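Given only the sequences and the hints, what does the whole structure look like? Please build it.
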Amino acid sequence: MSGFALRANQTFDWAGARFRIDRIQANGEVVLERIDDGCLQIVSRDKLLTEFSAGRIQAKDYVKLVNPRRTLQFSRPIQELPASILVYVERRMAYIKALLDKGSPMFTKAYCQPLIQQAAEAIGDSNPPSISTLYRWYLRYRSTNDVRSLVPRYDRRGSHSIRVSEDVLALLSQATEEAFKASPRATGDDVFIRLKGKVDHENRSRIGAGALHLPSRRTVYRLLRKIEFYDQVVLREGRSAADRRCRINRKGVITYNILERVEADHTPLDLFLIDDRTWLPLGKPVLTMLIDHYSRMPIGYYLSFSGTSAAAVMGAFRQAVLPKTSTRAALENLPVHHSWPCFGIPFVLVVDNGLEFHGIDLESVAYDLGMRIQYCPKRTPRFKGVIERYLKTINYFFAHQLPGTAMAKLAERGDYDPEKHALLTMAEFLQILEKWILDVYAQTIHRSIKVTPWSKWQEGLMRVEPVMPESVASLKQRIGLIAERSVRRDGIWLNNLNYTGEELGTILRRFGEGVQVRVLYDPEDLGTIQVWAPDQQEPLEVLAADFEYASGLNKFQHELICQQIRDNGAATEDRNARDLAKYEIACKVEELMVSRKLKNRRRSAVARGITSANATKPPAKKQEVSNQPVPPAARLKTSKAPGKPAALMPAPLPSFQLKARGSQHG
4 MSGFALRANQ TFDWAGARFR IDRIQANGEV VLERIDDGCL QIVSRDKLLT
54 EFSAGRIQAK DYVKLVNPRR TLQFSRPIQE LPASILVYVE RRMAYIKALL
104 DKGSPMFTKA YCQPLIQQAA EAIGDSNPPS ISTLYRWYLR YRSTNDVRSL
154 VPRYDRRGSH SIRVSEDVLA LLSQATEEAF KASPRATGDD VFIRLKGKVD
204 HENRSRIGAG ALHLPSRRTV YRLLRKIEFY DQVVLREGRS AADRRCRINR
254 KGVITYNILE RVEADHTPLD LFLIDDRTWL PLGKPVLTML IDHYSRMPIG
304 YYLSFSGTSA AAVMGAFRQA VLPKTSTRAA LENLPVHHSW PCFGIPFVLV
354 VDNGLEFHGI DLESVAYDLG MRIQYCPKRT PRFKGVIERY LKTINYFFAH
404 QLPGTAMAKL AERGDYDPEK HALLTMAEFL QILEKWILDV YAQTIHRSIK
454 VTPWSKWQEG LMRVEPVMPE SVASLKQRIG LIAERSVRRD GIWLNNLNYT
504 GEELGTILRR FGEGVQVRVL YDPEDLGTIQ VWAPDQQEPL EVLAADFEYA
554 SGLNKFQHEL ICQQIRDNGA ATEDRNARDL AKYEIACKVE ELMVSRKLKN
604 RRRSAVARGI TSANATKPPA KKQEVSNQPV PPAARLKTSK APGKPAALMP
654 APLPSFQLKA RGSQHG
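Be aware that the sequence shown starts at 4, since it is given in our numbering, and climbs by one per residue.
For the record, the hints were derived by calculation from the structure and aren't laboratory data.
Source: prediction; values computed, not measured.
Virtual Cβ for every residue (Gly too), placed ideally from N, Cα, C.
Keep in mind that the hints are not guaranteed to be accurate.
Lysine-lysine pairs mimicking DSSO-like chemistry, simulated, CA-CA at most 30 Å apart [to be verified]:
| no. | residue 1 | residue 2 |
| --- | --- | --- |
| 1 | K184 | K412 |
| 2 | K479 | K558 |
| 3 | K600 | K423 |
| 4 | K412 | K395 |
| 5 | K100 | K112 |
| 6 | K395 | K602 |
| 7 | K412 | K423 |
Ranges between beta-carbon positions, derived for each pair [claimed, not checked]:
| no. | residue 1 | residue 2 | range |
| --- | --- | --- | --- |
| 8 | R160 | H204 | 35 to 41 Å |
| 9 | G161 | L9 | 55 to 61 Å |
| 10 | K100 | G161 | 44 to 50 Å |
| 11 | L227 | K395 | 33 to 39 Å |
| 12 | Y370 | G572 | 24 to 30 Å |
| 13 | H216 | V46 | 58 to 64 Å |
| 14 | H424 | K395 | 18 to 24 Å |
| 15 | A125 | P187 | 56 to 62 Å |
Here's what the structure looks like:
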């Protein structure tokens, strides 16, 4: 290959200028000529060698060529050449080597012809080159001392200029965009047909020599092949997809302490859970998860069948902030060997643009707890890649390994029916989930942080002590859904429930009737609300007027009851109508629980408030229904008959739990 040497006519780049060695003097000084303006300067030999060692001098061949395009040297590694081209290079080099082995060559017929014949016999070449061809090869090689100068540039043959007029190219661009806008699966033939129509339409307004010439179909195909990959993806999938596929991944956000950055998101679990009473599949729950960016340690979660909601966010955040206790053991002989050491208020909570994250509920919690919320740009999950990758890990490496998995794609199931293989109740699944999080994931070396998430969290604890609210009661006063209501003489009305008490009397006496107050309530328990007076820093707890009804009742159940009362044509304040509505809903839930449709069974789970916050040990394991154990396959053979509820009034909400079928009526 060509290199750098202190010899006459050597050209190189140095200090942003181009130089040529004019001569080397006897005392070791080198006379340099600046190629751009011919200025001469004298530099010592040692200085040039020092500059070259420091990487500030780079050899360049500034040779004036008559047609540089036709003699352009191949500059990529020679190993990239196909075998068919390497044969030509080795053949040419064999003749050059035979010529150079004899010393300084003379390009006469008497001198070169025997050497050419000798080299041809050595390599078995039946068509040796002429002396003039050998001379051209020799000049190329001697100018660079690089074997790549002998690579035949057959790829440079022919015309490389586009012979299509600018007007036709503009029409081709329009035709291409229109074809792919109509269908992302458009073909070259579709583009050509549109182009032909546009050219014909344009030529109707042109006369004589000004008419556009329609390129051939093959020319159109060739022009389409020249479209860059990025533009191809833009045409087929859109600009955002092209940006995503052509983006170079860089190192993401760097954090230095635990809870410095916590990311939150939802995902539907690829797993069917079953009802702990009927043993029928309920559907796939939605998991809301919070993860610490520094340690990659999950710090809180919430699981329910009601989809993404502000209540799910609050439930996961509540668990993340408080110290963890082990779940109630629903499965025997499956202990969790590690505790869950994660708790504390995050400094920054990173979320996407879901509606559940953009309400005043989460913003209010952030203000009260001194936490900052960071919203990612729309449709850019890479800005919270840690939680995105973790949720994928849960599905692919955990949920897909359990009975009842739904797989990531429907086509992957084959003949596998997840509803028939579903075995786990909510309580059983939560125990297995926490064991996997704490005993498997947290104890496995993470590829990004090079240690286990457990040890990384413990390392962070040595520098930062997590901060919690003043008390659990104060946290309850901060986490929930927010509403603005006015105080009247009959109290506060919220969600068709009346809240009253002596606590509101002080606000009424001070500010008068109709004053607006801030109200916070827990959607999982409507029994109490937190009320902020206009001049108070701390809230007042106010009970529902009908506390017996509202205590433990969640918002969805209450809305169902109110809707049933309206359907019956009664007033929501009528207690008898409300009791009747509760009874009718309990009967309906019983029907939904054993429905053949998965959608109905999922609705029953939502109505009964089955979530990770209230999961309990399956009651069927507490009752002796039969002397024989129930095999998993038999769980699906439960009768579809809804039966009658055991009592006029169902068990206290938030769950519509009824007595086991077949028990004595009260």
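Evaluated hints:
no., hint, verdict
1, K184 - K412, "holds, 28 Å"
2, K479 - K558, "holds, 17 Å"
3, K600 - K423, "holds, 13 Å"
4, K412 - K395, "holds, 13 Å"
5, K100 - K112, "holds, 18 Å"
6, K395 - K602, "holds, 25 Å"
7, K412 - K423, "holds, 18 Å"
8, R160 - H204: 35 to 41 Å, "holds, 37 Å"
9, G161 - L9: 55 to 61 Å, "violated, 42 Å"
10, K100 - G161: 44 to 50 Å, "violated, 32 Å"
11, L227 - K395: 33 to 39 Å, "holds, 36 Å"
12, Y370 - G572: 24 to 30 Å, "violated, 44 Å"
13, H216 - V46: 58 to 64 Å, "holds, 59 Å"
14, H424 - K395: 18 to 24 Å, "holds, 22 Å"
15, A125 - P187: 56 to 62 Å, "holds, 58 Å"
Checked against the numbered hints given earlier, this structure breaks hints 9, 10 and 12; the rest are met.
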